[in-house]
Every structure is written in C-alpha cells, then in structure tokens.
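Please build the complete structure, drawing on both the sequences and the hints.
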Amino acid sequence: MKTNADHSSASDEQLVKAAKDGDMAAFEELVARHRDKIYARAFSMMRNEDEALDLSQEAWVKSWQRLKQFQGDSSFGTWMTRIVINLCLDQLRKRKRQRTESIEEMSEETGGVERQMPVVITNPTEGLERIELRKRIDKAMEQLSHEHRTVLMLHEFEEMEYKEIAKTMNCSIGTVMSRLFYARRKMAALLVNLKTEDVK
Amino acid sequence: MINQELQLKLQAYLDGELMPSEEAQVKDLIESDAEASALCIELQSVKAALTGADLEIKLPETREFFWSKIQREIERQSAAQAAPAHKPSWVEWVRGHLMPVSGVALVLGVMGIMALHSSSSAAQFGEMELASDNMGAYTFRDQQEGMTMVWFYNRDDSQFTADSSLASVDHQ
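Chains as they are written, first to last, in this note's numbering: chain A, 1 to 200; chain B, 1 to 172.
A hint or two may mislead.
To be verified - In silico DSS-like pairs for lysine-lysine, Cα to Cα no more than 30 Å straight-line:
(1) Lys37/A with Lys69/B
(2) Lys58/B with Lys96/A
(3) Lys37/A with Lys17/A
(4) Lys47/B with Lys167/A
(5) Lys69/B with Lys62/A
(6) Lys139/A with Lys58/B
What the hints assert, rightly or not - Example chain B residues on the side facing chain A (calculated, C-beta under 8 Å, incomplete):
(7) Gln11
(8) Glu42
(9) Leu50
(10) Trp67
(11) Gln77
As the list claims (entries may be wrong) - Footprint (simulated), chain B over chain A, 3 or more residues, beta carbon under 8 Å:
(12) 27-36
(13) 59-72
(14) 79-85
Since the hints were derived computationally from the structure, they do not count as laboratory data. All residues carry an ideal CB built from backbone N, CA and C; glycine is no exception.
Okay, structure coming up:
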C-alpha cells in the first residue's frame, strides 16, 4: 500500500493515474497541491470568500467523479481550473437571471461609456512595486462587471484564445472582443484613478 | 476618431489574433494615426500590467479540514448512487396508487353531480369507467337511504383478488 510520503513525491500524472484506479489518498495529494490556485480562481470570479470556498469544494468533488474523462491533453491543474471556472460562470449566470438588470449594467455590457473615454497617455502602473501593482489591479478588477472581469482573467491569466473564451462564456467571438476591449479600457481608467487618489 | 471595427482589429493585432491578411492594414494605421497609436500604447500597458498579476491568495482552511469536507461529499454522493434501486419514492407511490383512485373519484364526482341534477333513477348510472386497468370496484346500493357506496381496490395487491376472498363477497 502506498503511503502519503510516496504520494508527495509522485508527479501529478502518477497521482491522476492512481486516483483513476480509486486511490483516494492520491486524489487528496492532488487537492493539496492545487487547492490554493483553484480557490484563488473561484475567489477572483466570485469576489466572495464563502462562495469561493463552496465552489472550489464542489469543483473537487466533480473532478473526482469525472476523473475518468481526463485524458491528459492539458495539465491536471489546467483541467481543474476549467472545472471551477465553469462552475463559477454557472453560478454567476444564475445570479444574473435572478436580478433585474439596471440600465448601468446594460450600458456596461455594451460598453457605451468606455468607447468615448480619452486614451490614457501615461502608463498608470509605471514604477510600481509588484505587490503594489497586484493590489491595484485587484482593486480595479473588483470594480468591473463579472463579464468584463471574467473575459480579462481568461485571456490574461488563463491565456485562452478568443475562440476558447467564447466557448467557455457561451457567447460569440465578437462579444469576447468587444468585452475584452472595454474591460481593458476601463481597467486603464481605473488604474489612473487609483494612482490619482494616491497622490491626493 | 477610429471606428469600433478598427479599434477591435487593433486589439486583435496586439493579441496575435488578427488574420495575416489584415495585419498590414493595422500596422499602417498605428504608424499613421496618432489616436490609433495612443490607443495601442494604452492597451499594451494594461496587458503588460496584468501579466503575472493574478491573485495570490491561500485557501483559508487547513488541508485536513478542506479534504474532510470533500471526502464526505464524495462518499455521500457515492452512497446515494449505490443505494438499492427500489424503495419507491413518495412520488412513485402517489402515481401508482392515488392517481388511479383520484381518476375514478373524478369520474364518480361528475356522475354524482349529474345525478343530483337529474330526476331520473339511480339505475341510470349503473355504468362506471375506471381510469386504470389495475383498479377494481365493488358497489353497494342502499335503496332506502338513496345512497350508493363504491369500494375500490388495486387488483395486484388486494385481498379481493384471491379466489377465497372473492367467494366471500356477496355481490349485490
């Protein structure tokens, strides 16, 4: 029988293989390795600690059930991240269906204001330490709608192509391009504002 | 001001998603149009700022506690799937028993209403339709009280289906 020590030195591929054969200790090691990343992704989408915890837990349960479907085309971490992203998107869609959209939200979706915004000339992140930059970006991300935040995150952090994002978000490539454009423009404006606030 | 289509093309160029045939057009635009050039710099700076700036947060639960919740849920779901196939649910029970009876009750209700509004004799509703082939019925008519009683039973599990039981029933 394999011990925890054996599992901790095994590769993800070996652990997946063992877990597919029903070895729960191997699966536990996979959870331990990737749990922070999966939680962070859920949190970055939901912006709520409890929801992020619940959804990341659900993602792990789902991955155990679907493990046989994992063929190893991508890394295990990437596969898991896709599962949690899809769960978060489902949750956000449900939430959206439940609330009445405000005019402001509709305008944000179509990007009414950002298109006319003046171009940001100075680089708003120039000279910032990495930690400070992360904080500002996180603060700015929080102010984006979930559609804009998600599209930015999928493109910049998950490095998905337009086509892949469209499939994940269940929308057209045109919508992805449009959302990404407005998300970046708004992000630029928010980062400038955050810099200005600091100066005051 | 460059139009929306060009704005999106500019972005696609920066993301490496533009068709090769359109690349030259966008390159020319960036070089010749100050606004396009400024927009290009802005988009690039946001892109650069976001690179590697993903949230780095840790799950606020211990490894053991988080795993114990996952394990419990996996075991709960496995147990639910492996549970013996049939103890019927209440929905199935209602479908199997009460729905045929309620169908018959509906038919009788209609017949009753018709009887109340009719001056004709009780013999007129001697015919009765049952909503299910599995249902059986016995009737008793009390002429003195002007009342008809009907017993319904399930042919599959009723004691009335046994021959001995049938023999003991005094048909009226």
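To test your reading of the hints: which numbers does this structure violate? 14
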